[in-house]
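Undergrad: Listed below are the residues making up each chain.
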Amino acid sequence: MDVALLADRVRRAVLEHTLDNDGGYMSQACSSAELLATLYGRFMNIGMPDRPIEPRPWLGTPRHGNTEYRTGADFNGGVHDARDRFILSPTHYSLVLYALLVETGRMSPQGMKQFNRDGSSVEMIGAEHSPGMEVMTGSLGQGLAQAAGMALGRKLKGASGRVVVMMSDGEFQIGMTWESIQFMAHHHLDNMVVFVDVNGQQCDGAVDSVMRIDPIDVRIRSFGARAAVVDGHDPAAIMKAGSRAPDGRPLFVLAMTDPCRGLDLMRKNAPKLHYLRFRTPQEKAGYKAVLDAWPKRGS
Amino acid sequence: MEIVSRPHGRNLVKWAADKPDVLVLSADLTGSCEADGFRDAYPRRFISCGIAEQNMLSVAGGLCREGFIPLVHTFAVFICRRAFDQVAMSVAYPNLPVKMFGFLPGITTPGGATHQAIDDVALMRSLPNMTVLETGDATEVESVLDLAYSIDGPVYVRMLRGDVPRLFPTDEPIRADHPRILSLGDEVTVFSSGICTEEVLRASAVLKARGVSITHVHISTLKPFASGLIDQAIRAGSRGIVTVENHLVDGGLGTAVASRCASTGVGRPLVRLGLQDTWSHGAGRAALMREHGFDAMALVNAVQDLIGANLSISLADLGAVRVEPVHSVAKAEAL
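Chains as they are written, first to last, in our numbering: chain R, 1 to 299; chain B, 1 to 335.
Where hints are given, some of them may not hold.
[As the list claims (entries may be wrong)] The list that follows gives simulated cross-link-like pairs (lysine-lysine, DSSO-like), each with its CA atoms no further than 27 angstroms apart:
(1) Lys-288/R x Lys-272/R
(2) Lys-14/B x Lys-155/R
(3) Lys-240/R x Lys-155/R
(4) Lys-157/R x Lys-14/B
(5) Lys-296/R x Lys-284/R
(6) Lys-240/R x Lys-113/R
(7) Lys-284/R x Lys-157/R
(8) Lys-288/R x Lys-268/R
(9) Lys-157/R x Lys-223/B
(10) Lys-284/R x Lys-268/R
(11) Lys-296/R x Lys-268/R
(12) Lys-223/B x Lys-155/R
[Claimed, not checked] Now the stretches of chain R that chain B is said to cover, found in silico as 3 or more residues with beta-carbon under 8 angstroms:
(13) 62-68
(14) 145-154
(15) 177-184
(16) 242-256
Worth flagging that the hints you see were computed from the coordinates, not collected in a lab. Being a predicted model, the structure only gives us computed values, none of them experimental. We treat Cβ as the ideally placed atom computed from N, Cα and C, and that holds for glycine.
Here chain R stands alone, though its shape is the one from the complex:
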């Protein structure tokens, strides 16, 4: 499927879900749709389930004796040494990931109906048992280090598959993130590629008002990693930047994005874009009108 079309479908699906549920992580879909669509549509070498998977109910925590327990890796075709692993670090993007899994035929459409329902694995802030997830990353900052451990393990084993990580820009305020980058550089983990949705937004508002992280590319390079800055809504540019030949350094692709891309109506909420709520019926009707008028694109 065409990546731009896939991104458009993801954005539309999240808007539809947000209307159905009177709220949702909409700006994350607007900013990251092309990025995640590029990863799933072209960049990653991951497996494909035989058919769209119906999400399992929540089957308990990982513990001795819980033989039912599984991570959500099977939605990505399972874990194989020769294939890539995908780690979603900011799990506040889970809704976007779920929509993408549906649009790519990995999860059954009914899965979206289980979002944030009691007893469901399709959790609001996904855990490792949620569709498409493999590790616990909701405590921000821990995704990159866990991915680095996987990448180091793959180097030690001689496994060819890469570790692909998606991060949010707010995570670069966390001290641990910089511990991880220096670790990745020191151990030459050039078998991991980290894509960052630089949408300039976090829970309290604009990143620049909460805690400045600029110049993020310079900071990353000064820690010994490579950093490419690209238009985060340009699939070809994302693909090209992520495909640089490994040279001993970890690679970061900074996708500069617009948190209201494709949904101009949301701009009036700035700088509070982290979670979209409808304050009045009129406001909700406005978003409904956008959905009803959503252009028909592609096949």
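Since chain R is already given, all that's left is putting chain B on it; use the hints.
TA: Below, chain B alone, put in the same frame as chain R:
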């Protein structure tokens, strides 16, 4: 009594020789945690993490996801305090086989409050899936690798370094949730762990010589804490129970025993020796055990209070005791 120099350092190199899945992770305290021999013998399996413990613990979780068994080596405070969220979410929740070796437990360091892990057992016991072990002598230090490796999940070990006494025979290794019954008696039951067991052996030798009947139990598994032997030992102490630990009395051994006392319905006085809701400071081990009241004399005083007698035991009496390796009582059912 035999004193063994650097038992972990020597044992680790030998033990890891035929285990290619075992890695050692260290945070700039490699020699201090006796992992330098491993580093030199197996450089490819030694992962230097720098002074960055939060990253180290999450990296350890990631390595498990690729089939490795990471042995994390650093001071206990830096595992349990600095990287607690990482231990919880990257290791304990997913039930991954990261083995964490926390050195300098309690007041075994003169390094002061920043280096003294007086709360590590409480923190680690609170985490679902976590097994918590504490070594008390050279035999336990040498055998704890086998035990930790055999457990399918995360393990936190309070580890001893440097010159370590041998209290237990080498053919009696540390075992999961298996208390060592070091003496049997029916008046007072004493539970001890880690470095406190040697102090208890010193005190109990004199107390027994003065006619006090003591059950002494050495605990090396602080979680799980489910052995039936524990309940039997609790019931044996007709006059009361004493716990002795190199840790805050809340959240560690004393709390675990109190909980079991309550569960068994045994209403006996319980005296918990250890750090009483206080921080400590930089000083020698013996001085701090005396100051905080969990040395041999503190135990003597606690036992005297429980049995309501003054046995006129002096420091000289305690100092004259020769502590020799002690076999566990063969038939614990005798309790």
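Undergrad: Please go over all the hints and tell whether each is borne out by the structure.
TA: Going down the list of hints, with the structure as the test:
1. Lys-288/R x Lys-272/R: Holds: Lys-288/R and Lys-272/R sit about 20 angstroms apart, inside 27 angstroms.
2. Lys-14/B x Lys-155/R: holds, 25 angstroms
3. Lys-240/R x Lys-155/R: Distance of about 24 angstroms is within 27 angstroms: holds.
4. Lys-157/R x Lys-14/B: holds, 22 angstroms
5. Lys-296/R x Lys-284/R: holds, 22 angstroms
6. Lys-240/R x Lys-113/R: Violated, at roughly 36 angstroms.
7. Lys-284/R x Lys-157/R: violated, 53 angstroms
8. Lys-288/R x Lys-268/R: Given that 27 angstroms is the threshold and the Cα spacing comes to 16 angstroms, the pair holds.
9. Lys-157/R x Lys-223/B: Judged against 27 angstroms, a Cα distance of about 33 angstroms means the pair is violated.
10. Lys-284/R x Lys-268/R: holds, 14 angstroms
11. Lys-296/R x Lys-268/R: holds, 26 angstroms
12. Lys-223/B x Lys-155/R: Roughly 35 angstroms between the alpha carbons, so the hint for Lys-223/B and Lys-155/R is violated.
13. 62-68: holds (count 3)
14. 145-154: holds (count 10)
15. 177-184: That given contact holds, which follows from 4 residues of the segment 177-184 of chain R lying within Cβ reach (below 8 angstroms) of chain B.
16. 242-256: violated (count 0)
Checked against the numbered hints given earlier, the structure breaks hints 6, 7, 9, 12 and 16 and satisfies all the rest.
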